[in-house]
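Chemist: Sequences are here, hints too, so could you generate the full structure?
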Amino acid sequence: MKRISIDPITRLEGHGKIDIFLDEDGDVADAYFQVPELRGFEQFCIGRQAEEMPLITNRICGVCPEAHHIAASKALDALFAANPPPAAKKVRELLYMAFFITDHTTHFYALGGPDFILGPDAPPAERNILGVIRKVGLDIGRQVIDCRARNHQVIKTIGGRPIHPVAGLPGGWSRPLTSTERDEIVAIARQNIDFARFTLQLFDKIVLGNPAHLEMITGDTYVHRTYSMGLVDADNRMNFYEGTVRVVSPEGEEFLNYHPDDYARHIAERVEPWSYLKYPYLRAVGWQGFTDGKDSGVYTASPLSRLNVADRLATPGAQGEFERFFETLGSKKINGRYQPIHLRLATHWARLVEMLYAAERMLELAEDPEIISPDLRTPPGAVTGRGIGCVEAPRGTLTHHYEADERGVLTKVNLIVGTTNNYAAMSMSIKKAAQQNITAGKIIEEGMLNRIEMAFRLYDPCLSCATHAAVGKMPLIVTVRDPHGATQRIMSRD
Amino acid sequence: MQTVVVGLGNPILSDDGVGIQVAALVRQQLQSEMDIEVITVYAGGLRLMEAIAGYRRAIIIDAMKSGQQPAGSIRVFPLAAASGTRHTFCAHDGDLGTILTLARDLGLAIPQEITIIGIEALEMEIFSEELSPAVRAALPAAVVAVVSALRLSN
Chain W
140 MKRISIDPIT
150 RLEGHGKIDI
160 FLDEDGDVAD
170 AYFQVPELRG
180 FEQFCIGRQA
190 EEMPLITNRI
200 CGVCPEAHHI
210 AASKALDALF
220 AANPPPAAKK
230 VRELLYMAFF
240 ITDHTTHFYA
250 LGGPDFILGP
260 DAPPAERNIL
270 GVIRKVGLDI
280 GRQVIDCRAR
290 NHQVIKTIGG
300 RPIHPVAGLP
310 GGWSRPLTST
320 ERDEIVAIAR
330 QNIDFARFTL
340 QLFDKIVLGN
350 PAHLEMITGD
360 TYVHRTYSMG
370 LVDADNRMNF
380 YEGTVRVVSP
390 EGEEFLNYHP
400 DDYARHIAER
410 VEPWSYLKYP
420 YLRAVGWQGF
430 TDGKDSGVYT
440 ASPLSRLNVA
450 DRLATPGAQG
460 EFERFFETLG
470 SKKINGRYQP
480 IHLRLATHWA
490 RLVEMLYAAE
500 RMLELAEDPE
510 IISPDLRTPP
520 GAVTGRGIGC
530 VEAPRGTLTH
540 HYEADERGVL
550 TKVNLIVGTT
560 NNYAAMSMSI
570 KKAAQQNITA
580 GKIIEEGMLN
590 RIEMAFRLYD
600 PCLSCATHAA
610 VGKMPLIVTV
620 RDPHGATQRI
630 MSRD
Chain X
13 MQTVVVGLGN
23 PILSDDGVGI
33 QVAALVRQQL
43 QSEMDIEVIT
53 VYAGGLRLME
63 AIAGYRRAII
73 IDAMKSGQQP
83 AGSIRVFPLA
93 AASGTRHTFC
103 AHDGDLGTIL
113 TLARDLGLAI
123 PQEITIIGIE
133 ALEMEIFSEE
143 LSPAVRAALP
153 AAVVAVVSAL
163 RLSN
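As they're listed, the protein sequences go chains W and X. Numbered per this note's numbering, the first sequence spans residues 140 to 633. Numbered per this note's numbering, the second sequence spans residues 13 to 166.
Bear in mind the hints are in silico, worked out from the structure with no lab data behind them. Be a bit skeptical, because a hint or two may be false.
Said to hold, decoys possible - Computed beta-carbon distance windows for the label pairs:
1. X/Ala149 with W/Gly348: 22 to 32 Å
2. W/Ala326 with X/Asp47: 46 to 56 Å
3. W/Pro301 with X/Asp47: 20 to 30 Å
4. W/Gly524 with X/Glu141: 20 to 30 Å
Ideal Cβ placement from N, Cα and C applies to all residues, glycine included.
Modeler: So this is what it looks like as C-alpha cells:
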C-alpha cells in the first residue's frame with residue numbers, strides 16, 4: 140500500500156501528522172490524523188491535593204487555560220460536595236464568556252479566516268492573519284487586537300491574574316467584583332456585541348456573498364452526517380457553562396440527554412493500532428469504523444454540533460442569527476426544531492453565531508444585580524470521592540474527572556478535551572479532501588495540501604491540549620511512499 | 013520600562029519549562045534594576061506579541077529542539093533566526109515574525125530589538141516540574157547569557 144505522510148501541519152499546535160494510504164490503483168484507501176502522546180499527566184497529578192487542579196490544568200496549554208480552570212473548579216464542587224452560590228456560578232460564566240469571545244475572534248481572523256477571506260488557492264505565504272488584515276483593512280486588525288485586549292482585561296479582573304485564572308475554588312470563587320469593575324465589564328460586553336455583529340456581517344459579505352466560497356461550503360467535500368453533541372440547559376438551549384449533554388442523530392432526533400457524570404456510560408473509546416489516539420464514539424451505537432450515518436457511533440463536538448443539538452439560543456440577537464444560519468443553509472424544521480447541518484465548513488459560521496451569543500450572555504450576566512454579590516463560596520463538605528466537571532470549550536465538550544481519597548488527595552484523573560471528541564470526524568474530513576485531489580496515483584499537490592489543511596482547521600484542533608503538548612512551528616513535509624514504504628518523493632512547504 | 017525579559021514555555025512539561033525557570037533566576041538577580049521587567053508567557057503568537065508590545069527591547073528565553081546540539085546548549089540569536097524555538101509560534105494564530113509584522117502594520121509599539129535565548133531541551137513530552145539534568149545544569153549559564161545580553165545594549 141502506498142503511503143503519503145503530511146508531517147507536520149502548519150498553523151496547528153502539536154505534532155500533527157497526516158497519513159494517506161493509497162490502494163494498489165493509486166486511489167485513497169484511508170487517511171488518518173495522528174499526534175504523538177505526551178505522557179504522565181495522570182501520574183503528575185496523583186498524590187496531589189485535588190484543590191490544586193484548577194491551577195495545574197490551566198497550565199496544560201497556553202491557548203485555553205480558562206476552559207480547564209472552569210472545568211476543574213466544577214469538578215471540585217462535586218468532589219467536595221459544595222454547590223456554589225448562584226453569584227459564583229454567574230461570575231465564573233462571565234469570565235468564561237470573555238474567554239469564548241477572544242478565542243473565537245482569534246480563530247476566525249487568524250486561523251480559519253485565511254481559508255475564506257483569501258480563498259483556498261491563495262499562495263500559502265499569504266494565507267495567514269497578515270494576509271487577512273491586509274485584505275480586510277488595518278482598522279479591522281486593530282479591532283481584533285482591541286477585542287482581545289479588553290477581554291483579557293476582564294479575565295484578569297475576574298480571574299485574579301492575566302491568562303491563567305487563580306480564583307476558582309471548590310464551591311465557588313475567591314474574588315468578588317466591585318460595582319466599578321462591573322460597569323467596565325458592561326461597557327466591554329456592549330463593544331463585544333457590536334464586534335460580533337460586525338464580524339457576522341463581514342462573513343456575509345466576504346464568504347456568503349462570494350459564489351465560489353459559498354459553493355465550497357455547500358459542496359460535498361466536507362459533508363459528514365454524524366451525530367452531534369453539546370451541552371444544553373433544561374429548555375434545550377445551548378449553554379457553555381453547564382447543563383446536560385445532548386446528542387442528536389444525523390436526522391436531528393434527540394438520541395441522548397445525560398448528566399455529565401454519566402459520560403462513561405455513553406462514550407466509549409476506540410484504540411487503533413497505528414495511532415496513540417483514542418477515538419471516542421457513542422457506546423449505544425457502536426464503532427463501525429471511520430464512517431458517518433445513523434449506524435456509526437462517530438459524533439462531533441464543535442460549534443456546528445452545538446447549534447445542531449440546541450432547540451434555540453438563549454439570547455435574542457444570537458437566536459436571530461441561529462435561525463438565519465439554518466434557513467440559509469437549507470435546513471427544514473421538523474417537530475419544531477431545525478434539522479442538523481452537516482456542512483463542516485459551516486463550523487466557521489457557527490463559531491461566529493456563538494461569538495454573538497457569548498457577547499450577549501456576557502452583557503446579561505454583567506447587568507445581573509447579583510454579579511457583585513460577595514456571597515461567592517459554599518464551604519466544602521465531606522469529600523465525595525469523585526468529581527466530574529464539564530463545560531463546552533471552544534473546541535468541544537470538555538470533561539474533567541477526578542477521584543480522591545477521604546483527605547482530598549487525588550487517586551485518579553481523566554480528561555476528555557474538546558478536540559478529542561472530533562478525532563474520527565477529522566480523519567473523515569481529511570480523507571474526503573485527499574480523495575478529491577488524488578486519482579490513480581496522480582496528486583494535485585497544492586490543492587490537496589490546502590484542502591487537507593482546511594479540513595482539520597475547521598475543527599480548530601488544539602493538539603497541545605489533546606495530547607497535553609505544545610510545539611513550535613515546523614515546515615509542512617509530505618512524503619510519498621511506494622507500496623513497500625520507500626520514499627518516492629518529498630514535498631515541503633514552510 | 014525599557015526592556016522586558018520573557019520566560020516562555022510550559023512549567024509542567026519537563027524541559028519545556030526551562031525559559032520560565034531561567035526567568036525566575038534572572039528576576040532574583042536583577043531585582044534592584046528598575047527599567048527591566050521580567051515576565052512569563054505560556055503561548056507564542058499574539059499572546060507573546062501582546063506581552064512585549066510597548067517595550068523598547070525584548071529578550072525571550074525559550075526551549076529549543078534543534079537536535080543538532082547537546083541538551084543544555086545555549087544559543088543567543090536575533091528573532092529573525094528563531095524558527096527552531098518552541099513557543100515563538102502559536103498554532104492558533106501564527107508565528108511571532110508574522111505577528112510582529114502585523115503589529116507594526118497596525119501601528120503598535122513593537123520592540124526595536126528582540127533577542128532569543130534558546131536552550132536545547134532533551135525531554136518535552138512528559139509532565140514534570142523537573143528539568144532533565146543537562147538542562148538543569150545549564151541554568152546558571154543561561155542566566156549569564158540573559159544578563160550579558162541585557163548589558164550589551166544598556
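Chemist: All the hints need checking, so say for each whether the structure fits it.
Modeler: Going through the hints against the structure:
1. At roughly 60 Å, the beta carbons of X/Ala149 and W/Gly348 sit outside the given window of 22 to 32 Å.
2. The beta-carbon spacing between W/Ala326 and X/Asp47, approximately 34 Å, falls outside the hinted interval of 46 to 56 Å.
3. For W/Pro301 paired with X/Asp47, a C-beta distance near 22 Å keeps the hint of 20 to 30 Å intact.
4. The given range of 20 to 30 Å is respected by W/Gly524 and X/Glu141, whose C-beta atoms sit roughly 27 Å from each other.
Of the hints listed earlier, those the structure fails to meet are numbers 1 and 2, in rising order.
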